Amino acid sequence: MARKSHVQTTINGETVEFLCESRQSLLEVLRDELHLTGAKEGCNNGNCGACSVILDGRLVNSCLVLGVETEGKSVETIEGLAEPDKLHPIQDAFLENAALQCGICTPGFIMSAKALLDSNPNPTEHEIRYWLAGNLCRCTGYDKIVKAVLDVAKASA
Amino acid sequence: MAEKKEYKVIGTRPIRHDGVDKVTGRALYGADFQMTGLLHGRVLRSPHAHARIISIDTSRAEAYPGVKGVVTAKDLPDAGDKVADLGEGAVNLKHLCDNILASDKVLYKGHAVAAVAATSPHIAEEACTLIDVEYEVLPPVLEVRQAMEADAPLLHEHLKTTSMGETADEPSNVASHIQHKLGDPEKGFAEADIVVERDFVTGTVHQGYIEPHNATAHFNQDGQLTIWCSTQGAFTVREQVAEILQYPISKIKVVPMEIGGGFGGKISVYIKPVAALLAKKTGKPVKVLMSRADVFEGTGPTPASYIRVKMGATKDGKITAAEAYLAFEAGAYPGAPVGPGAMCIFAPYSIENVVIDGYDVVVNKPKTAPYRAPGAPNAAFGSESVVDEIAEKLDIDPLEIRLLNAAKEGDRRADGPIHPRIGCIETLEATKAHPHYTAPNGKKHHGRGVASGYWFNIGLESSVTINVNSDGTINLIEGSTDIGGTRASIAMQAAEVLGIPAESVNPSVVDTNSVGYTAVTGGSRTTYATGYAAYEAAQEVKRKMIARAAKLWEVNEANVQFADGEFSCINGKEEQISFRDLCAQLGQTGGPIVGSGTVNPGGAGGAYATHVVDVVVDEETGKVEILRYTAVQDAGRAIHPSYVEGQIQGGAVQGIGWALNEEYIYNAEGTMTNASFLDYRMPTCLDLPMIDAVIVEVPNPGHPYGVRGVGEVPIVPPMAAIANAIYDAIGVRMTELPMSPDRLLKAMGKI
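First to last, the sequence lines map onto chains A and B.
Positions 68 to 224 (my numbering) are the ones given, in order, by the first sequence.
Positions 11 to 761 (my numbering) are the ones given, in order, by the second sequence.
Bound conformation, chain A alone (with noise of 0.2 Å):
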């Protein structure tokens, strides 16, 4: 078996240790490792976007990052959104536009969402169309979420 490596990094703000594979992706060491399962694995090819996180402020495909590159950088998940008594205001806004069914794709497109706003806080619904489109939905024909990130970036306009 393959020697395993030991990465330090930053996920949601904390330091964290771990141990991979070389090949081990970084969401197979969010989920497998750190059980942080709210990354969630569709495609793993890069596809459809159910693995969103942002790395050092960009967002990516978690499934296309390996483990060991996180070394030194800083690592936004959905699971460091919410505030401990409060959710972030795109995941208030996938609630009230009833934008989610599933739910399994809802992770990557807050995620996504959060990227885009903390670049282009008023975006216009071709910017967030254009955005969004790297992240697959099948259960909700894209209407509510485009209508929950219009709403979150009204709110902060």
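It is worth saying that the hints were derived from the structure and are not from the lab.
Treat the hints with care, as some may be off.
Unchecked claim - Counterexamples of contact, computed for chain A against chain B with all Cβ distances above 10 Å:
1) Arg-196
2) Asn-202
3) Val-213
4) Ser-223
What the hints assert, rightly or not - Simulated restraints on C-beta separations:
5) B/His-168 to A/Glu-136: 50 to 56 Å
6) A/Lys-153 to B/Lys-554: 35 to 41 Å
7) B/Asp-88 to A/Lys-153: 57 to 63 Å
A quick note: this is a predicted structure, and the numbers were derived from the prediction, not measured.
Note that CB positions come from ideal geometry on N, CA and C, so glycine has one too.
With chain A's structure known, arrange chain B on it following the hints.
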């Protein structure tokens, strides 16, 4: 029942009960399940679409470090000729087992052959490559019409066509032929001034749920088998696993985890019995996950089909006769949804003379599984395109011709049943009145299309238990897995009965040991039937609470009235107590209160939808863009309108994908060449406009609140609506799905 009235909870839009868990990443789906000592399983799949298995040698895999067990079909009990009854018709047990792990033949690329349990998923995957399988490769047959030919390669040497009670002598790929006939079609066509007949072809498409199949199984030393998994129905998993493993249901517990989409595709079991076999062999819990390619290649898509539709009408637009020929690909084993297709094809219309022939045909593709209104979208693509053509040739508005012939209460469907109160006319009228339909649409290469659809919906068994809490809330125990907000829609029906807010209900979806039998979340039945069971359970709670109030006030139960969450005395005594306050006194008045409801209702009531779509066709590239989309649907009564809209929007968009992009593309050897989300192109949000969902409410007399199922019918109209819009845009009738750019360019004579 079901009269128009004001409700306090029904029709409102509370936050769903499982919402916070799902937006914070806390909700646990099947793949998220962990337990101590877990092994990881992977499945070896056939590289051939059709081959005989000569031998399987697992010795190299078994010797690989980290491997704890390997299983093949030899580990399954002998199925013999047994026929299993799984509640949805008889199933040949050998077919069921062979689809789990192939015994003598592989019948599609991706067919499971063996499975490995190891200490890590990577080791299991590597070990799969060390299993030596010797195949005798056979020619595949990949298309329904070719499979029906006399000299086609045969998938099953013993499969013979059954046709209306008779079984043929010679083996064939045609598993069955059904026919429905009403009136005198020949006479009907003779009365027609215009007859339109066309052939249609639809591709193989997948449900495309984002969560791959998963299962974790564990055998205890006492023989108790537990399976944690994502499924549309924990009880149907229990039944299927019991049949396949020949193991008593009383020794199997299925724990439904959260489910990441199903659309009909997570009813049949694939890896659940395999995980159980591996768990048995290794004595450890084993988790088996599918990859996305496994999902495309190894789980049920919905059939490709060849359809011929002929309809005749008088010059004033009255449809006099209709004929349909439906040949559906079942995939590797019989069971295509040609029956439902035949039930639905002409159901939006009142037609006196109808004949429908349906064929269930095996081909070398994965065994098909239900997909949202299974069979109906294929069929409606044909019939709704032909209705549009008749309207155009007679110069009648496409909604007017539908209204002129609309199905109504008392009409007989071609397959027998008489329509109860239905909302076909109301949805058409609402579509006609919608501003989308009257908006201008005249630009070059812009087109507008409409189409209608029908789905019959089902009832089936549901059980609900309600436990009353001392603070005036209730815990609602149900067996329906929640794919799209049904915890809320079920809880709201109990809340309405008890006069409490939706937030005062704590719904839980529990395992098969903890609730009464409940059929699948499918058939658009959950809000209808499990909601009905919740209504019944809440009624029992109400009756028991009335008895407690009567005891408290020392009056007869008949003198206690319950309205708006308050119990009051109606025999002159000035007594009143709220539901909440009475809940606090259960201990002193006789102990806890539990209410239960069990149903198997027959009055599901059919659902109708009519969609309007505007498209623009790019003349250079052949790409069709959806500019505007309106979906109108009879929901009977929308319990939680947001989630009804969500079903309508989601179904419409799956239909848009089916119409424009989605298909399994095969090479000559029978390998799917686009088994990824990159190449099997489902709609993204950039491909779409907002979807305007319009809810019509014609209450269903078969439900206390008038609920009709809403989940399935929205996928029925889109393909024909878009084809009709394309015709309006460029003057070409598209008869093959998907209407992808290459097909558009061909149709326009550009390539």
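Okay, the hints, checked on the actual structure:
1. Arg-196: Violated, since 5 Å does not exceed 10 Å.
2. Asn-202: violated, 8 Å
3. Val-213: Not fine: 6 Å to the nearest Cβ puts A/Val-213 too close to chain B.
4. Ser-223: A/Ser-223 clear of chain B: closest Cβ-Cβ about 18 Å, beyond 10 Å.
5. B/His-168 to A/Glu-136: 50 to 56 Å: holds, 55 Å
6. A/Lys-153 to B/Lys-554: 35 to 41 Å: holds, 39 Å
7. B/Asp-88 to A/Lys-153: 57 to 63 Å: Distance hint for B/Asp-88, A/Lys-153 holds at roughly 59 Å.
Checked against the numbered hints given earlier, this structure breaks hints 1, 2, 3; the rest are met.
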